[in-house]
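Residue numbers (numbering that gives the first Met the number 0), protein chains in the order written: chain A, 0 to 413; chain B, 0 to 224.
Simulated from the structure, these hints should not be mistaken for lab results.
Hints should not be assumed to be uniformly reliable.
Label-pair restraints from in silico Cβ distances [unchecked claim]:
#, chain 1, residue 1, chain 2, residue 2, range
1, B, Pro54, A, Leu310, 47 to 53 Å
2, A, Glu219, B, Arg223, 40 to 46 Å
3, B, Ile68, A, Leu191, 57 to 63 Å
4, B, Asn91, A, His317, 21 to 27 Å
5, B, Ser88, A, Lys210, 19 to 25 Å
6, A, Lys210, B, Met0, 41 to 47 Å
7, A, Ile233, B, Asn91, 32 to 38 Å
8, B, Asn124, A, His317, 40 to 46 Å
Covered, in the sense of this in silico footprint (three residues per stretch, anywhere, with C-beta under 8 Å from a C-beta of chain B), are these stretches of chain A [to be verified]:
#, stretch
9, 229-241
10, 332-338
The model shown is predicted, which means the values in this text are computed figures rather than measured ones.
The beta-carbon is built from N, C-alpha and C at its ideal position, and this holds for glycine as well.
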Amino acid sequence: MKLLVKTSLYYAIASLLFFAIAGFIILFNFNTVVDNDINEFLINREEIATTQIVNDIPIEALNNYEQIITITKNRDETDNLKFKDTIVYDIIDDEFHVYRKLNVIRKIGTAYYDITLFKSLIESNLLIKQILKPMLFVFLGLLAFLILGNLFISRGLWKPFKETLITLKNYELGSARSIAFSKTNTQEFNQLNSMLNTMIKKIHYDYLNLKEFTENAAHEIQTPLSIIRNKCEILLQSEKLDNVELKHTKSIYYNCLRLSKINHGLTLLAKIESGAFEHSEKINITKVLKSQIKHYSEVIELNGLSIKTDLKQQIHVHINPDLIEILISNLIRNAIKHNISNGTIHINTTKNRIRFSNNGDASQIEINQFKRFNKSNKNSLGLGLSIISKICLANTIQLKHNYDNGFHNFDLNF
Amino acid sequence: MKILIVEDEQELQEDIMAFFKAEKVVCEAVSKASMAKEKVYMHNYDAIILDIGLPDSSGLEVLEYLKEINKDIGVIILSARGAIDDKISGLNLGADDYLSKPFDFNELNARIKSIVRRKHFHGSNTINFEDIEINTDSHEVYVNNQIIILTQKEYQLLLFLISNENRVITKESIVEHLWGDDTDMFDSFDFIYSHIKNLRKKIITAGGKDYLNTIYGVGYKFQRN
Chain A
0 MKLLVKTSLY
10 YAIASLLFFA
20 IAGFIILFNF
30 NTVVDNDINE
40 FLINREEIAT
50 TQIVNDIPIE
60 ALNNYEQIIT
70 ITKNRDETDN
80 LKFKDTIVYD
90 IIDDEFHVYR
100 KLNVIRKIGT
110 AYYDITLFKS
120 LIESNLLIKQ
130 ILKPMLFVFL
140 GLLAFLILGN
150 LFISRGLWKP
160 FKETLITLKN
170 YELGSARSIA
180 FSKTNTQEFN
190 QLNSMLNTMI
200 KKIHYDYLNL
210 KEFTENAAHE
220 IQTPLSIIRN
230 KCEILLQSEK
240 LDNVELKHTK
250 SIYYNCLRLS
260 KINHGLTLLA
270 KIESGAFEHS
280 EKINITKVLK
290 SQIKHYSEVI
300 ELNGLSIKTD
310 LKQQIHVHIN
320 PDLIEILISN
330 LIRNAIKHNI
340 SNGTIHINTT
350 KNRIRFSNNG
360 DASQIEINQF
370 KRFNKSNKNS
380 LGLGLSIISK
390 ICLANTIQLK
400 HNYDNGFHNF
410 DLNF
Chain B
0 MKILIVEDEQ
10 ELQEDIMAFF
20 KAEKVVCEAV
30 SKASMAKEKV
40 YMHNYDAIIL
50 DIGLPDSSGL
60 EVLEYLKEIN
70 KDIGVIILSA
80 RGAIDDKISG
90 LNLGADDYLS
100 KPFDFNELNA
110 RIKSIVRRKH
120 FHGSNTINFE
130 DIEINTDSHE
140 VYVNNQIIIL
150 TQKEYQLLLF
160 LISNENRVIT
170 KESIVEHLWG
180 DDTDMFDSFD
190 FIYSHIKNLR
200 KKIITAGGKD
210 YLNTIYGVGY
220 KFQRN
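Chain B on its own, in the form it takes in the complex:
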């Protein structure tokens, strides 16, 4: 997998790059819209992480350029403005997703993976993790080829955990992924525990292994034993 990071903030760019490199993703990074246009013209990418506020022009211009040269690359927009206008115009111009700063790395990772899945497999698409198989099209989950019934939130949780395997995921991260802007509605995130418990129980009951490790005081980690 190869992605292009268009972000003018040097430190943020380096952090995103380091993160995806650790995920074994080939990354290139630029800090200007003009350079981004050059890159997408010359190379092929699976996905682009695109900041809207760039020094030479708006990131939306890169989107327009992609349309112009007829390249179908998954684009996720990063915007510091959190403005609805940016979101709408970005999505109208063909962006696949939108994240507002400050964002969560795990969230970005999960979304990039989801975009790449959609682009590459054109709908028929399964994720395999050891003995777990997820059909992201029909939202069905199989453990040892046996279907297990998950609630909407449990399904989202499992997908999020698998997308971020081997990484510590905070409860905040999980709540934000599942509830978006409503994270502040909860006095404590302890209820996440019951979601995790149910998910774990369903997988184990179906004969699956327990991949979920609790990192005390921080969160959870999904890893192959």
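Chain A on its own, in the form it takes in the complex:
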């Protein structure tokens, strides 16, 4: 969940809770005020009625639909004001309405009067409703304002953070371009940026060091290897060596070649990783494929293999010309190396896909086959598939492998 959505949600929940409690308190207060008001009104009316009785106005004249005065013999609870909410039938509206009733027994002169007064509650209920309605609107408006305000403010406040993220995303380790974060006036983000900057500088420095070391090591190793190889050649020319000595010399010679090949492969991997093949152009991959197949046709034949191709579909991709050649030649080499005797290789192109299939044992399938130095075959260096997957990864080419019916299929999806 996005940070902005999260904070807005929390704000909304907190505000709603607050509004609910505040609403109840306001409603309660308001009810009390209105209640007191009505009671006061009834008490006033009662006072008027009592005065009128004292002034000898006949009680028949005082009785109306909101005021009932009778003479009573009940002498209990004199002067005790009794309020009660009740329902009274309204002839005009032909329905029942809620009324507040005040009942009191008064001794005026010698007689006892039972005075009952009514006051309709319709108006006050209406009043409460009318007041609560706009208040609800105000609350909702406030809520919307809060959420929207939070969204806008947060968006502004978090903008530098987003910029930092984009800068980090676009940064490529090892590229000559140094990373530059935009300045903000938020202390925390500036702190974050400066810490990231320090960290990246350190990583970049270490990376360059490591790269330089790798390059130097690869480079420096070649000269001693040259010397070893050439000394072996000199030894092989000598006529004084017996067969055992010759065999040992040949073994040194052979392993020296092997070492230099491994070195070459690792250097290539390091170069792909460090983005040395950045330059790209539009390339007809089918053409590259054809020329590579032609290049390897003799090797395929000498290994006792046959090849079938279907290259009608032309595929064009933006890629580095050297890399695509390395990629395709490695896939063909893989298909040759890990084949069975008298096996076949199928290469075909369909829309945006090249498939390399070769006969092979199921036992060769391993999860780690794209890792370095994973070899199923004694003679291979175990770097080919690793180079293939590195190139695919660096160029967002989808590489898929499956084993089906005695065939290893490697698919390149562009």
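Could you slot chain B onto chain A? The hints should help.
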């Protein structure tokens, strides 16, 4: 033939020198670019073996200097880096060939000879070895003045063997010469045997002598009997 070796690694320099001296080639060796410039200014060479990584500057500078003083000398670049960039810039600057370390002596020998042939004879060029005659321009091979038809690989093989006469050549050497980087595509180099056999048969059928000796367990040697 006179060549200049520009290589800063002392041991390698001595080995190359010993190798070419055994081939009856006059050699001089220097280990710095500045010294190489001095040498090429003062003397004439048929070919230069030039290392790219030199202590005082890049070997490419020597190439630029050669262009500057307008001397047409065959140059073969040696580079430990194996970098495509080096190869391209070297060849652009007028180098004739490129070999990456670690290299094969026989390969270096064959290439130097090929460069010198091209430079000296300006195209019309034949190699004679006893009764074998190779026209390196038309890629035609004659045995006793009778043309024999060789495949591309057989032709390359014959040229390589003749360039390295009297030397033991390993199967690895041959495969590397014929297939370059694809040497690791073969589980065994036994198929070389069939190439050798075919070549030998074609020469003998045309009335040539058999100059190819098999050195058991190591490789082959092309020599005059």
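Evaluated hints:
no., hint, result
1, Pro54(B) / Leu310(A): 47 to 53 Å, "50 Å, holds"
2, Glu219(A) / Arg223(B): 40 to 46 Å, "42 Å, holds"
3, Ile68(B) / Leu191(A): 57 to 63 Å, "60 Å, holds"
4, Asn91(B) / His317(A): 21 to 27 Å, "26 Å, holds"
5, Ser88(B) / Lys210(A): 19 to 25 Å, "21 Å, holds"
6, Lys210(A) / Met0(B): 41 to 47 Å, "42 Å, holds"
7, Ile233(A) / Asn91(B): 32 to 38 Å, "34 Å, holds"
8, Asn124(B) / His317(A): 40 to 46 Å, "44 Å, holds"
9, 229-241, "holds (count 6)"
10, 332-338, "holds (count 3)"
Every hint from the earlier list agrees with this structure, and none is contradicted.
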